[in-house]
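Whole structure, please, built from the sequences with the hints as guidance.
Protein sequences appear in the order of chains F and S. So the first sequence is numbered by my numbering: it starts at 1 and just counts up by one. So the second sequence is numbered by my numbering: it starts at 1 and just counts up by one.
The set of hints was computed from the structure by calculation and includes no laboratory data. Take every hint as true, because none was put in to throw you off.
Derived, one-sided and incomplete: chain F residues facing chain S with beta-carbon distance under 7 Å:
(1) Asp104
(2) Thr154
(3) Gly169
Built from N, CA and C at the ideal position, the CB exists for glycine as well.
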Amino acid sequence: MLAAHGLTKHFRAGQFRAGGRRVSGRSPARAIHAVDGVDLELHRGQVLAVVGESGSGKSTVARLLAGLIPITDGQVLLDGAAVRLRGRRAFRAYVRRVQMIFQDPFGSLNPVHPVRYTLTRALRLHRRQSTGGTLRGAELEAALTELLERVHLTPAARYVDKFPHELSGGQRQRIAIARALAADPEVLLADEPISMLDVSIRLGILNLLADLRDRLGIAILYITHDIASARYFADRTTVLYAGQVMETGDSESVTQAPLHPYTRLLVASAPDPDDLAGAGAAAVRDRGTGGEPPSLVDPPPGCRFAPRCPYATDVCRTETPELIEVTPGRAAACWGYSTREDRPAVPATEGAST
Amino acid sequence: MSADVHTERGALADAGPAAAEPVLEVRNLSVDYGFGDDPTHVLREVSLTLRRGEVLGLAGESGCGKSTLAYAATRLLPPPGLITGGEVWLTNREGTRADLLALSDAELRAARWRDIAIVFQGAMSSLNPVFRIEKQIVDGIVAHQPRMRREEARERAAELLRLVGISADRLRAYPHQLSGGMRQRVMIAMALALEPQVLIMDEPTTALDVVMQRQILEEVMELRERLGFSVVFITHDVSLLVEVADRIAVMYAGEIVETAAARDVYAKPRHPYSAGLLGSFPPLHGPRRELTGIPGAPPDLSAREPGCPFAPRCPHAMDVCRTELPVLGRTAQGEDNRLVACHLHTTASSTEPLPPSLSR
Ligand SMILES: Nc1ncnc2c1ncn2[C@@H]1O[C@H](COP(=O)(O)OP(=O)(O)OP(=O)(O)O)[C@@H](O)[C@H]1O
Ligand SMILES: Nc1ncnc2c1ncn2[C@@H]1O[C@H](COP(=O)(O)OP(=O)(O)OP(=O)(O)O)[C@@H](O)[C@H]1O
Ligand code: SF4
Ligand code: SF4
Ligand SMILES: [Mg+2]
Ligand SMILES: [Mg+2]
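Okay, here's the thing in structure tokens:
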């Protein structure tokens, strides 16, 4: 449905200083490699989760797919055709099919407009194009009510005339979801859509999205840092680190039998209330992998995870690993899975708790 | 240990590590939204005690009033929010106790930030978009430590950023050039800069992955030990709280319905809402299990019914629940250090024991 090949985004970094001193000489060549050669595919009726730590490029991927920022390199394909968004019309038509839920509900809702205005606009954007007539009166009210109920803001009358500042964080987040759903998109790019919701509402929203996926066959990109929810909700999961794909596969395998050392770190450090000894935290410490993510300004060659990886060897520090298919449908970008002689010794299986 | 549990409503002190002295005591705090004849009573007589060196987790459904509590306790509540009653006692480093709600504006300004700092929910968008990160942190430091030179403050800013896992080459970035989680970390760094003794963090890590969350919280914990400050950590993520908090207070519809040691809330919930919360977790490890969730919708705070606010969704609701508001009191098990607001615990007897989900 929606696919990306070699998606790359470099932000200019000319205005940054290194170590507090202005970078000497001319610096236009310096770039933040926010996203580097990412491939992904969204299929009708499927959810793809993108997980990865803060700053790994998840939102940038979503913004590239949504056509909100220009692509440095690579391609986005919608139904097999390269997406070119020249001009307002092309962009409008694209937005009707591909909707984005933004990460920050405090910044993404216009504070001067009440909920009614925001949602009505989104509803009309869709309706005008599909049925011709403008939505009004009772029909509009019914559509608004239905939308709010879908995101568990009930009774709808309580919320429809509120301004964003009158809503709690989780309530705003749900308005942002409702706005995206109003346009009845085919592809939904959801950037941390439930990060401010408590578990019970979270579950409701995920079930709603799962239902849209199953009933209407929409394709969903689900960005999250909550790897447990990826396990429950996503068909496939892609793990991003420092702007590159580290691992991809079906969600159950990726979360239960992670291949890539970084994914193992992620899984091991997830909070687990059943394990109060804090094995997760201990795992992070013991491996000495709690370090900083790499600077994305002109990253060195080699595996970007190498500085934190307990198995890293010289190969890892000099040559960049490609995604290697390990078993059908599962791939990891790690030299440990290559057949080369000097490959690092990454243990074949490592339970999340070892 | 819990001899300080009074039965009279209001004077109720939460049971907690009795050894440490209280730093922040919220007493019967009530907040309405909207003026006129028909305000919404969002907080109803909330009482909460934070002890020195403690991390108190505040959990609860979206819209239940967690942020309202944080704003009201620091007197930052914007209109139409109105504090209609209660006290907030802060004991500062010198041991002086003062009711924040009774301070003059000047006194309050001095106390805020030095004694009590808050990281707002939505911190992500509360950085000023037109200034570089460096300037914003440095200004923050200098405003509260006027004797510090800017050069020094700049070094401190770089150090603070490193503390939250952002490399110093990002100091010159504008907020829009940072990812969501980075902006949250900048806000945390700014709050830490002032070394307050009470730090209130309202969903500070919603955009952060677990590795980073842990790193930052460990940093906060370490500072807590070094500087002896206390933290109120607001989040919906109970699984995180279980690990990082000493005690958890569970809120529902603007009231505290349960407080207990963090691990007890998870292992042995006593309030039906807490029990329901825990059934909604997607576990990462172990077999996939059916997630039950909590059926029904949160109550309309502007049209409160008498009785227990959880009654319409409670699987154990009884007649008394629909007419009488349960107050925080001891559990039926008579446990130390925990309180619950549920009629089941007052009516439980040998003939009508607690449901199994609440008597583990
Ligand atoms: N406009 C911009 N100019 C310069 N750098 C940018 C810009 N937008 C993003 N970046 C950088 O690109 C990197 C990836 O950012 P992105 O927002 O995609 O991360 P993310 O994975 O969504 O993180 P988070 O989980 O914290 O939201 C970050 O290092 C960020 O600072
Ligand atoms: N200015 C306002 N006017 C009217 N109602 C408001 C206003 N601000 C908040 N509310 C309502 O008060 C209730 C409590 O809001 P609050 O922000 O404290 O919730 P919260 O527990 O922090 O939720 P979340 O987890 O979603 O952030 C919500 O139902 C909200 O709709
Ligand atoms: S390629 Fe090397 S450094 Fe990178 S993850 Fe694999 S073993 Fe670790
Ligand atoms: S008081 Fe009644 S309705 Fe409320 S939680 Fe207890 S049993 Fe349920
Ligand atoms: Mg992001
Ligand atoms: Mg809030």
